[in-house]
Amino acid sequence: MSAIIGIYGIHDNPAIMEQGAAMMQALSRFPADDEQAWQARSNVFFGCRAQWITPESVGERNPLHDPERGLAVVADAILDNREELCEALGIEAVRRSALTDPELLLLAYDAWGTGMAERLVGDFAFAIWDERGRRLYAARDYSGARTLYFTRDPSSGTVWLSTVMAPLLGLPHLPGALNRQWIAEYLALPYTVDAVDGRMTVHEGIEQLPPAHYLVADALGRLTLKLYCRIEEPREKLKLGSDAEYEEALRDVLGAAVKARLRTHRGVGAHLSGGLDSGSVAAFAARELRARGRALYTFSYVPVADFTDWTPRSRMADERAYISAVVEHAGNIVPEYCDFPDRNPYSDIDDWLDVMEMPYKFFENSFWLKGIFERAAELDIAVLLNGQRGNWTISWGPALDYQTALLKRLRLIRFCRELDGYARRIGVGRRRVLGSVWRRAVGAGASGMRHPVLASPRLLEETGVVERLRRQGLPVQGNVRSAYEARRRLFKQTCFWNLNGTYATKLSLRYAVWDRDPSNDLRVVRFCLSVPEEQCVRDGVDRALIRRAARGYLPDKVRLNQKVRGAQGADGVHRMKAAWPAFIREAQEMLDDEAMREYLDLEMLKESLLKVREAPKPEYAYDLDFRMLMRGIIFRRFVRLRGRR
1 MSAIIGIYGI
11 HDNPAIMEQG
21 AAMMQALSRF
31 PADDEQAWQA
41 RSNVFFGCRA
51 QWITPESVGE
61 RNPLHDPERG
71 LAVVADAILD
81 NREELCEALG
91 IEAVRRSALT
101 DPELLLLAYD
111 AWGTGMAERL
121 VGDFAFAIWD
131 ERGRRLYAAR
141 DYSGARTLYF
151 TRDPSSGTVW
161 LSTVMAPLLG
171 LPHLPGALNR
181 QWIAEYLALP
191 YTVDAVDGRM
201 TVHEGIEQLP
211 PAHYLVADAL
221 GRLTLKLYCR
231 IEEPREKLKL
241 GSDAEYEEAL
251 RDVLGAAVKA
261 RLRTHRGVGA
271 HLSGGLDSGS
281 VAAFAARELR
291 ARGRALYTFS
301 YVPVADFTDW
311 TPRSRMADER
321 AYISAVVEHA
331 GNIVPEYCDF
341 PDRNPYSDID
351 DWLDVMEMPY
361 KFFENSFWLK
371 GIFERAAELD
381 IAVLLNGQRG
391 NWTISWGPAL
401 DYQTALLKRL
411 RLIRFCRELD
421 GYARRIGVGR
431 RRVLGSVWRR
441 AVGAGASGMR
451 HPVLASPRLL
461 EETGVVERLR
471 RQGLPVQGNV
481 RSAYEARRRL
491 FKQTCFWNLN
501 GTYATKLSLR
511 YAVWDRDPSN
521 DLRVVRFCLS
531 VPEEQCVRDG
541 VDRALIRRAA
551 RGYLPDKVRL
561 NQKVRGAQGA
571 DGVHRMKAAW
581 PAFIREAQEM
591 LDDEAMREYL
601 DLEMLKESLL
611 KVREAPKPEY
621 AYDLDFRMLM
631 RGIIFRRFVR
641 LRGRR
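First residue of the sequence shown: 1, per the UniProt record's numbering; consecutive thereafter.
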């Protein structure tokens, strides 16, 4: 794991070396086990501040130059299909365990050129200098688990790359302005997505290499970006002989993904909630680590002690009973229940803006996410597992949407069986379930709330963002017709992948803890997309395949639970009681700030403030008015902090 930079100029330029040194200085804020740089004449510079995570990375050369092949690489990468790559490259078995990931990347490029990225599985961002081809090649993993920003000076053809944006901000060719198109999309989109165009960033002139893309800069000054990986549901579904074979296949592919992500000479931890995804990942990891004589450390967010759960019966703010059931059943787990009593969504805004280098929307979970990274670092944890993508992969199976699809296709016998089974399992009347399905079938049951638009009418008109988003299938009101549509959108549009990789990369650099998601493994994703729907929803059981496959790994209390789901962050406003006057005061300052009128819909925010200003009701945690005010405050803080730098 590394913070990396790269510079490529088509002409010799001594200033490139000075710029490289300055960029490395900008990375010095991050802890590192080593710092190295490499340069070629006066037109190529690579630099790396390395954090050694895997056993192979200890003492590695990064950047790495291979003069025989005329190649050099700088890499922020952990490759998870090393054996497969070594087999394809004909590398002898005795060499494989000592081979570093940068070495493997160079061998892959030497064999497959720009087609190498599609053969890689793992979390990576890297750049390769091809001396013979006189070109710079850079790539980012399919889901953007690691970030890579770049900028180009059109007049000179020079390209600069960096893991984070800070080293790029002072370059002389950049205008130093905020990107109004990015801001318009950020403020208009109700999702946690920042912008539909994965290349844009908040800074004019600084771009991001989108997930699943590679970049080539050549000696003629051309810059080419190409999508190298598409994730699509196959037309022909996987056909196995029995339910048991599907269950075994899921265990095999998930187990392999978990095992690959345990490569570290330091400790292993995991986020653990009371749900199927993180529970399955933790259970598989604990079993594998037991065989190695090592323990798994888990970190679970829980509400503060004086919080009274206000959520409906189908939700639970405190998942301790389910978490502890996993810990006891799986064994070999050292649990920590983290309530972070001195933190709240409002208290950590400035620190998160420093981490992210941009505004952010996920304030509800921000304080405990960062807190868990801090605690993991204190315990010398190097790898922190999670199951964030699990809803769309290993635990896929939306019961109500499946029933809706059956009804539309007039598969009435199967539909009635699924409806009856679901009603019985969740303990509600058959008519109530039928009503939900019918509303979905006639188009009145779109999931999600109708979000107000935070962007000002003037900004919307100036940028044409509403029409732009509509053409991309991303309505600003945020409604999604079904889980199937949401899943197709997630895997088709790379903008949905950026968020997790952005905060995970930047937190990892600050705390030397690598966030890793086995449910997001490319092999896991492709397997899960190939599974027939009847394996994922059956007899009213949603997420049916993982529930069957996890038998023995998870306790039935968690494995078979269909009645309640976690509500993380439900105590967010409760935590803000003491800070509420300051929050209201800052919200009013935002409304009085005429400089914000060009960005924010201040009239809408005035209405929101009137609704919430009197008292911090705990149920405001998921309230749209509170949410819009918080997002507005975060955006304004970013603009003001940037102006002071």
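Be aware that a few hints might be false.
[Claimed, not checked] In silico DSBU-like links for lysine-lysine, alpha-carbon gap of 35 Å or less:
(1) 492 to 617
(2) 239 to 611
(3) 408 to 611
(4) 259 to 617
(5) 408 to 606
(6) 577 to 237
(7) 370 to 492
(8) 611 to 259
(9) 239 to 606
(10) 259 to 563
(11) 563 to 606
(12) 557 to 617
(13) 408 to 226
(14) 259 to 606
(15) 577 to 492
(16) 563 to 226
(17) 611 to 557
(18) 237 to 408
(19) 239 to 226
(20) 237 to 606
[Unchecked claim] Ranges of calculated distance between the beta carbons of each label pair, as one might list FRET restraints:
(21) 489 to 429: 27 to 35 Å
(22) 492 to 292: 35 to 43 Å
(23) 119 to 492: 15 to 23 Å
(24) 362 to 584: 19 to 27 Å
(25) 623 to 69: 35 to 43 Å
(26) 14 to 488: 45 to 53 Å
(27) 21 to 222: 37 to 45 Å
Read the hints as simulated data drawn from the structure, not as lab findings. Here the structure is a predicted model, which means the values were calculated and not measured. Glycine included, each C-beta is placed from N, C-alpha and C at the ideal position.
Do the hints match the structure? See the list:
1. 492 to 617: violated, 39 Å
2. 239 to 611: It is violated: about 55 Å lies between the C-alpha atoms, which goes past 35 Å.
3. 408 to 611: Judged against 35 Å, a Cα distance of about 41 Å means the pair is violated.
4. 259 to 617: Between residue 259 and residue 617 the Cα gap is close to 44 Å, so the pair fails against 35 Å, i.e. violated.
5. 408 to 606: Violated, at about 43 Å.
6. 577 to 237: violated, 52 Å
7. 370 to 492: holds, 29 Å
8. 611 to 259: The given pair, whose Cα atoms are some 50 Å apart, is violated under the 35 Å limit.
9. 239 to 606: Violated - the C-alpha atoms of residue 606 and residue 239 are around 57 Å apart, more than 35 Å.
10. 259 to 563: holds, 31 Å
11. 563 to 606: With Cα atoms ~38 Å apart, residue 563 and residue 606 exceed 35 Å; violated.
12. 557 to 617: At roughly 32 Å apart (the allowed maximum being 35 Å), residue 617 and residue 557 satisfy the hint.
13. 408 to 226: violated, 38 Å
14. 259 to 606: Between residue 259 and residue 606 the Cα gap is close to 51 Å, so the pair fails against 35 Å, i.e. violated.
15. 577 to 492: This hinted pair is violated, its Cα atoms lying about 41 Å apart.
16. 563 to 226: This hinted pair is violated, its Cα atoms lying about 45 Å apart.
17. 611 to 557: Given pair residue 611, residue 557 is violated - Cα atoms ~40 Å apart, limit 35 Å.
18. 237 to 408: This hinted pair holds, its Cα atoms lying about 21 Å apart.
19. 239 to 226: holds, 33 Å
20. 237 to 606: Outside the cut-off at roughly 52 Å; violated.
21. 489 to 429: 27 to 35 Å: holds, 32 Å
22. 492 to 292: 35 to 43 Å: holds, 39 Å
23. 119 to 492: 15 to 23 Å: holds, 22 Å
24. 362 to 584: 19 to 27 Å: Check passed, 22 Å falls within 19 to 27 Å.
25. 623 to 69: 35 to 43 Å: Violated, at about 59 Å.
26. 14 to 488: 45 to 53 Å: For residue 488 against residue 14, whose Cβ atoms are near 51 Å apart, the range 45 to 53 Å holds.
27. 21 to 222: 37 to 45 Å: violated, 28 Å
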